[in-house]
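First to last, the protein sequences are chains A and B. Just so we're aligned: the first sequence equals residues 306 to 451 in the numbering used here. Just so we're aligned: the second sequence equals residues 306 to 451 in the numbering used here.
Please note that the accuracy of each hint is not assured.
Given that identical chains are not distinguished, each listed pair holds provided it fits within a single copy or across any two copies.
[What the hints assert, rightly or not] Below, in silico cross-link-like pairs of lysine to aspartate or glutamate (EDC-like), each with a Cα-Cα straight-line distance of 16 Å or less:
no.	residue 1	residue 2
1	Lys-316	Glu-395
2	Lys-446	Asp-397
3	Lys-316	Glu-410
4	Lys-437	Glu-382
These are calculated hints, taken from the structure and not from any lab test. From a predicted model like this one, the values you see are computed outputs, not experimental measurements.
Below, each chain spelled out in residue letters.
There are 2 protein chains.
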Amino acid sequence: MVDILHRIGIKSSPDNVYRALTTIESLSGWWTDDTQGDGKIGGVIRFRFGAGGFDLAVLELDPAGRVLWEVVAGPEEWIGTRINWELRREDDYVIVLFKHAGWREPVEFMHHCSTKSAVFLLSLKPLLETGKGAPNPRDVKNDNWN
Amino acid sequence: MVDILHRIGIKSSPDNVYRALTTIESLSGWWTDDTQGDGKIGGVIRFRFGAGGFDLAVLELDPAGRVLWEVVAGPEEWIGTRINWELRREDDYVIVLFKHAGWREPVEFMHHCSTKSAVFLLSLKPLLETGKGAPNPRDVKNDNWN
């Protein structure tokens, strides 16, 4: 099992960061314009990017600093993988630890997704700090798989 | 063992991308202004970022598309880890696969380094496509460990 890991620090409040991970309006402000569904526990959030996309089931929500999703539809390599978020305050920052866990093999698509996750985390950060994220289709295109 | 993996695609020639990984002048154009040393096999390249930094020994160089470095000085978690680059042409792109392998544990510092690696890869890409990278100290600061 291999995981995609990332860390960002956002100059914002824990409440605002938590909201950005749990409401459709905020998710569409940093990940993809085309985000729909239900962000509550038991709900499913649908993220679409042009031709493709994926659906995430919300497994756990803790306003104290944890969000857990499971991929229930999307690329074959993603099915059954889980995306875990941990938040905590440190200095003037909310530290965000991101983990996309459960990949069966470190395939080339995983390399792409690792970089792309960083791209979107670096869109989440300015969304909360300046009010302006760069969700799909205005995201940074890291390679030819965009 | 856990690895940091990334994938970018650069609209450039394989020769230019290879040169950007193997010459001090080009490395300083996307990673850190303060890059010194010897990029040839057996040489050591020294990367400095304000207070800290690391030294990489050049283990393998293949102009057909492979570069391998080993960390010989720097953060304790990095010592003995290896950074592997593979390049190949695909469509109009040079595809770059990056792997920082040999981490003993998925510590929080590894999360930081994963995101930070993406930041620098997304500086390498515009350096070659537009002539302008964003090396340290003009790099994107992803968290409070910059």
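These are the hints, each one checked on the structure:
1. In this assembly of identical chains, the alpha carbons of Lys-316 and Glu-395 lie at most 16 Å apart only when taken from the same copy (10 Å versus 39 Å across copies).
2. Taking the shortest Cα distances, Lys-446 and Asp-397 sit within 16 Å of each other only across copies (14 Å), while inside one copy they are farther apart (30 Å).
3. Taking the shortest alpha-carbon separations for Lys-316 and Glu-410, neither the intra-copy value of 35 Å nor the inter-copy value of 28 Å comes in at or below 16 Å.
4. With identical chains, the CA atoms of Lys-437 and Glu-382 are never at most 16 Å apart, being 31 Å at best within one copy and 35 Å at best between copies.
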